[in-house]
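2 protein chains.
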Amino acid sequence: MDMGVAERKERHKEDLKKDILTAAKELFTQKGFEATSIRAIAEKIEYSPATIYLYYKDKNEIVHALHQDGFRLLVSHFEVLNTVTNPFERLKAMGRSYIQFAMQNPDIYQLLFVMKEPLEHVANCFEDWHEGDRAFDILLKTVGECQGIGYFKDLDRTMLSFSIWSTMHGMCTLRISGHLGHVAIARANQVDLDHLISGAYETYVATLEKLKS
Amino acid sequence: MDMGVAERKERHKEDLKKDILTAAKELFTQKGFEATSIRAIAEKIEYSPATIYLYYKDKNEIVHALHQDGFRLLVSHFEVLNTVTNPFERLKAMGRSYIQFAMQNPDIYQLLFVMKEPLEHVANCFEDWHEGDRAFDILLKTVGECQGIGYFKDLDRTMLSFSIWSTMHGMCTLRISGHLGHVAIARANQVDLDHLISGAYETYVATLEKLKS
DNA sequence: AAGAATAACTAAACACTGTTCAGTAATATT
DNA sequence: AATATTACTGAACAGTGTTTAGTTATTCTT
Chain A
1 MDMGVAERKE RHKEDLKKDI LTAAKELFTQ KGFEATSIRA IAEKIEYSPA
51 TIYLYYKDKN EIVHALHQDG FRLLVSHFEV LNTVTNPFER LKAMGRSYIQ
101 FAMQNPDIYQ LLFVMKEPLE HVANCFEDWH EGDRAFDILL KTVGECQGIG
151 YFKDLDRTML SFSIWSTMHG MCTLRISGHL GHVAIARANQ VDLDHLISGA
201 YETYVATLEK LKS
Chain B
1 MDMGVAERKE RHKEDLKKDI LTAAKELFTQ KGFEATSIRA IAEKIEYSPA
51 TIYLYYKDKN EIVHALHQDG FRLLVSHFEV LNTVTNPFER LKAMGRSYIQ
101 FAMQNPDIYQ LLFVMKEPLE HVANCFEDWH EGDRAFDILL KTVGECQGIG
151 YFKDLDRTML SFSIWSTMHG MCTLRISGHL GHVAIARANQ VDLDHLISGA
201 YETYVATLEK LKS
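Protein sequences appear in the order of chains A and B. Under my numbering, the letters of the first sequence match residues 1 to 213, in that order. Under my numbering, the letters of the second sequence match residues 1 to 213, in that order.
Take the hints with a grain of salt, since some may be wrong.
Said to hold, decoys possible - Pair ranges (Cβ atoms, derived): (1) A:Lys153 with B:Glu117: 44 to 52 Å; (2) B:Thr29 with A:Ser76: 35 to 43 Å; (3) A:Ala50 with B:Arg134: 27 to 35 Å; (4) B:Arg187 with A:Glu46: 24 to 32 Å; (5) B:His130 with A:Asp154: 40 to 48 Å; (6) A:Val75 with B:Glu14: 48 to 56 Å; (7) A:Asp154 with B:His195: 38 to 46 Å; (8) B:Glu61 with A:Ala186: 15 to 23 Å; (9) A:Thr83 with B:His195: 33 to 41 Å; (10) A:Lys141 with B:Lys153: 29 to 37 Å; (11) A:Ile185 with B:Lys210: 30 to 38 Å; (12) A:Glu46 with B:Leu73: 47 to 55 Å; (13) A:Ser76 with B:Glu14: 53 to 61 Å; (14) B:Lys141 with A:Lys57: 47 to 55 Å.
What the hints assert, rightly or not - Here are the simulated lysine-lysine pairs, PhoX-like style, with alpha carbons at most 20 Å apart: (15) A:Lys116 with B:Lys116; (16) A:Lys116 with B:Lys31; (17) A:Lys212 with B:Lys212; (18) B:Lys153 with A:Lys210; (19) A:Lys31 with B:Lys116; (20) A:Lys141 with A:Lys59; (21) B:Lys210 with A:Lys210; (22) A:Lys59 with A:Lys92; (23) A:Lys92 with A:Lys141; (24) B:Lys92 with B:Lys25; (25) B:Lys13 with A:Lys212; (26) B:Lys57 with B:Lys92; (27) B:Lys153 with B:Lys116; (28) A:Lys31 with A:Lys13; (29) A:Lys153 with B:Lys44; (30) B:Lys116 with A:Lys210; (31) B:Lys57 with A:Lys212; (32) B:Lys212 with A:Lys153; (33) A:Lys17 with A:Lys59; (34) A:Lys13 with A:Lys57; (35) B:Lys153 with B:Lys57; (36) B:Lys210 with B:Lys92.
To be verified - Just so you have them, the derived chain A footprint on chain B, three or more residues with Cβ under 8 Å: (37) 97-111; (38) 164-173.
The hints are simulated quantities; they were obtained by calculation from the structure and are not laboratory data. For clarity, every value in this text was computed on a predicted model and none was experimentally measured. Cβ atoms here follow ideal geometry from the backbone N, Cα and C, with glycine treated the same way.
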């Protein structure tokens with residue numbers, strides 16, 4: 001087999017691998033996660049279900065691949081914020097970006113931060129999940145810089161970062177899972193949940209604002 | 001059929017309905033949620049799978065029934081705290097209770113606050129979910145009382161309550177889902193995740209503490 | 001007490017799911 | 001042209017939630 005043909009075939013194989021991924025991503029975000037079957041993905045790319053297993057050993061491996069994509073997307077959201085020089089302003093913008101990311105891509109958000117399966121897959125692979133760590137590193141660094149200009153003076157940087165992340169994550173998951181909506185509707189406080197979320201976020205920001213010495 | 005026999009049969013039916021529930025609860029907390037099948041529940045109570053559908057129309061209806069139990073358990077955790085007179089101390093204790101509840105009953109916690117299915121079932125039923133609202137009402141009331149003694153003066157009570165709930169929920173879910181562990185291990189900061197959680201919580205409490213005018 | 005009605009229960013099936021494996025068809029190498 | 005390799009798939013396995021037709025067992029009526 002001459003070199004050109006080998007390359008073409010290799011390219012085709014990688015194309016197909018990507019096709020599976022994009023088909024999966026589309027179905028996941030459309031139908032939701034549990035509702036997407038290997039058979040449905042196979043049908044979308046017009047191959048047999050068994051073929052998918054030649055490119056991904058598991059359904060989890062597919063999820064894991066999307067995982068990496070998702071994190072790259074999130075981190076790219078954050079990287080725009082480097083233009084904001086004031087670290088506290090940057091921290092506030094990060095929070096808003098985080099919420100925005102979760103609201104715009106609820107299924108991907110769940111994939112990254114709620115589902116256990118891809119995480120277990122990562123645990124066996126060691127190698128990656130670097131993307132995920134980088135996102136947290138950005139938060140850690142920003143909190144550190146905030147401390148540099150007088151915020152959060154006597155608080156542990158790591159603990160505070162976890163606490164902030166938890167608040168963001170809690171807001172996003174309560175919104176996505178529908179539990180926030182349920183409590184809100186029961187109270188008829190606020191029908192527009194996006195306003196409720198941003199209201200709660202602004203209130204949280206207000207509490208952080210007061211932590212300047 | 002005389003009255004005594006009718007009662008006995010009725011009693012037996014309700015017993016069986018409860019037996020299904022306790023079997024389901026046991027399996028859920030043991031094997032996890034997704035891993036528990038109707039067939040497994042049926043085998044545990046030594047009945048046919050089809051019998052379960054005579055007592056519960058859905059798997060979701062079973063989940064929903066456990067839902068109510070779970071909320072009662074959570075609220076009972078909170079009711080002990082009525083002995084704490086200082087509202088801010090009570091709020092702090094509530095947070096700790098909430099975390100403790102989630103750590104001791106991770107599957108029930110997920111059932112109450114993460115899973116969508118039982119929530120959708122509630123949406124069709126209207127009637128209940130009162131238990132869930134009561135839990136949030138307790139938080140709302142406590143935050144209000146804190147404002148009465150000078151805390152959170154210029155903050156919206158409802159928004160702050162949502163924010164606090166989000167923080168608690170975020171900590172618990174990140175812990176339960178394993179995502180907290182993953183980031184922590186990658187940093188080798190803290191192997192004991194329970195210490196990490198309580199550390200993050202204490203840091204959060206410290207931020208709230210400073211919001212007294 | 002015998003027959004009709006009702007209630008409780010279940011075997012078996014349906015339409016799914018993820019996954020595996022033997023086997024086929026197409027391509028490349030010798 | 002014959003062989004080896006690669007890409008792919010049909011069919012099956014073991015499992016899922018759920019439904020339905022049918023079988024017992026119990027109760028009511030005559």
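Now for the hints, and whether the structure bears them out:
Distance hint check: the CB atoms of Lys153 of chain A and Glu117 of chain B are about 45 Å apart, consistent with the given range 44 to 52 Å. For the pair Thr29 of chain B and Ser76 of chain A, the beta carbons lie near 40 Å from each other, so the given range of 35 to 43 Å is met. Here the CB-CB span from Ala50 of chain A to Arg134 of chain B is close to 52 Å, at odds with the stated 27 to 35 Å. Between Arg187 of chain B and Glu46 of chain A the C-beta distance comes to about 44 Å, which lies outside the given range of 24 to 32 Å.
At about 42 Å, the CB distance of His130 of chain B to Asp154 of chain A agrees with the hint of 40 to 48 Å. For the hinted restraint 48 to 56 Å between Val75 of chain A and Glu14 of chain B, the CB-CB distance of approximately 55 Å keeps it satisfied. Checking the proposed 38 to 46 Å range against Asp154 of chain A and His195 of chain B shows it is violated: the Cβ atoms sit about 20 Å from each other. Remark: the range hint 15 to 23 Å for Glu61 of chain B to Ala186 of chain A is upheld by a beta-carbon distance near 21 Å.
In this structure the supplied range 33 to 41 Å holds for Thr83 of chain A paired with His195 of chain B, their Cβ-Cβ distance being about 37 Å. Against the hinted window of 29 to 37 Å, the Cβ-Cβ separation of Lys141 of chain A and Lys153 of chain B comes to about 32 Å, which satisfies the hint. In this structure, Ile185 of chain A and Lys210 of chain B meet the distance hint of 30 to 38 Å, their C-beta atoms being roughly 33 Å apart. Between Glu46 of chain A and Leu73 of chain B the Cβ separation comes to about 50 Å, which falls inside the hinted range of 47 to 55 Å.
For Ser76 of chain A paired with Glu14 of chain B, a C-beta distance near 57 Å keeps the hint of 53 to 61 Å intact. Under the hint 47 to 55 Å, the C-beta atoms of Lys141 of chain B and Lys57 of chain A, about 52 Å apart, fit the expected range. For the proposed pair Lys116 of chain A and Lys116 of chain B, the alpha carbon gap of about 16 Å is at most 20 Å, so the pair holds. A hinted pair counts as satisfied when its Cα atoms are at most 20 Å apart, and Lys116 of chain A with Lys31 of chain B qualifies at roughly 14 Å.
About 14 Å separates the Cα atoms of Lys212 of chain A and Lys212 of chain B, which keeps this hinted pair within 20 Å; it holds. For the suggested pair Lys153 of chain B and Lys210 of chain A, the alpha carbons sit about 12 Å apart, so the restraint of at most 20 Å is met. Among the hinted pairs, Lys31 of chain A with Lys116 of chain B is consistent with the structure: their alpha-carbon atoms are about 14 Å apart, no more than 20 Å. Between the alpha carbons of Lys141 of chain A and Lys59 of chain A the distance comes to roughly 35 Å, so the proposed pair goes past 20 Å and is violated.
Distance check on the hinted pair: Lys210 of chain B and Lys210 of chain A sit about 8 Å apart at the alpha-carbon level, within 20 Å; holds. For the suggested pair Lys59 of chain A and Lys92 of chain A, the alpha carbons sit about 37 Å apart, so the restraint of at most 20 Å is broken. For the given pair, Lys92 of chain A sits about 14 Å from Lys141 of chain A by alpha-carbon distance, which is consistent with the 20 Å threshold. At roughly 30 Å between alpha-carbon atoms, Lys92 of chain B and Lys25 of chain B are farther apart than 20 Å, so this suggested pair is violated.
Taking the CA atoms of Lys13 of chain B and Lys212 of chain A, the gap is about 63 Å. The hint is violated against a cut of 20 Å. The suggested pairing of Lys57 of chain B with Lys92 of chain B is violated, with an alpha-carbon distance near 41 Å, which exceeds 20 Å. Our distance criterion of 20 Å between C-alpha atoms is broken by Lys153 of chain B and Lys116 of chain B, whose separation comes to about 35 Å. Taken as a hint, the Lys31 of chain A and Lys13 of chain A pair is broken in the structure, with Cα atoms around 27 Å apart against an allowance of 20 Å.
About 56 Å separates the Cα atoms of Lys153 of chain A and Lys44 of chain B, which puts this hinted pair outside 20 Å; it is violated. Of the pairs offered as hints, the one joining Lys116 of chain B and Lys210 of chain A is violated, with about 36 Å between alpha carbons and a cut-off of 20 Å exceeded. Note on Lys57 of chain B and Lys212 of chain A: the hinted pairing is violated, with a Cα-Cα distance of about 56 Å set against a maximum of 20 Å. A distance of roughly 17 Å separates the Cα atoms of Lys212 of chain B and Lys153 of chain A; the hinted pair therefore holds under the 20 Å criterion.
Taking the CA atoms of Lys17 of chain A and Lys59 of chain A, the gap is near 13 Å; set against the 20 Å cutoff, the hint holds. With a CA separation close to 15 Å, the supplied pair Lys13 of chain A and Lys57 of chain A stays within the 20 Å bound. The suggested pairing of Lys153 of chain B with Lys57 of chain B is violated, with an alpha-carbon distance near 49 Å, which exceeds 20 Å. Note on Lys210 of chain B and Lys92 of chain B: the hinted pairing holds, with a Cα-Cα distance of about 13 Å set against a maximum of 20 Å.
Note: the region 97-111 of chain B has 0 residues with beta-carbon separation from chain A under 8 Å; the three-residue rule is not met and the coverage is violated. Counting residues of the region 164-173 of chain B whose beta carbon lies closer than 8 Å to any beta carbon of chain A gives 8, which reaches the threshold of three, so the coverage claim holds.
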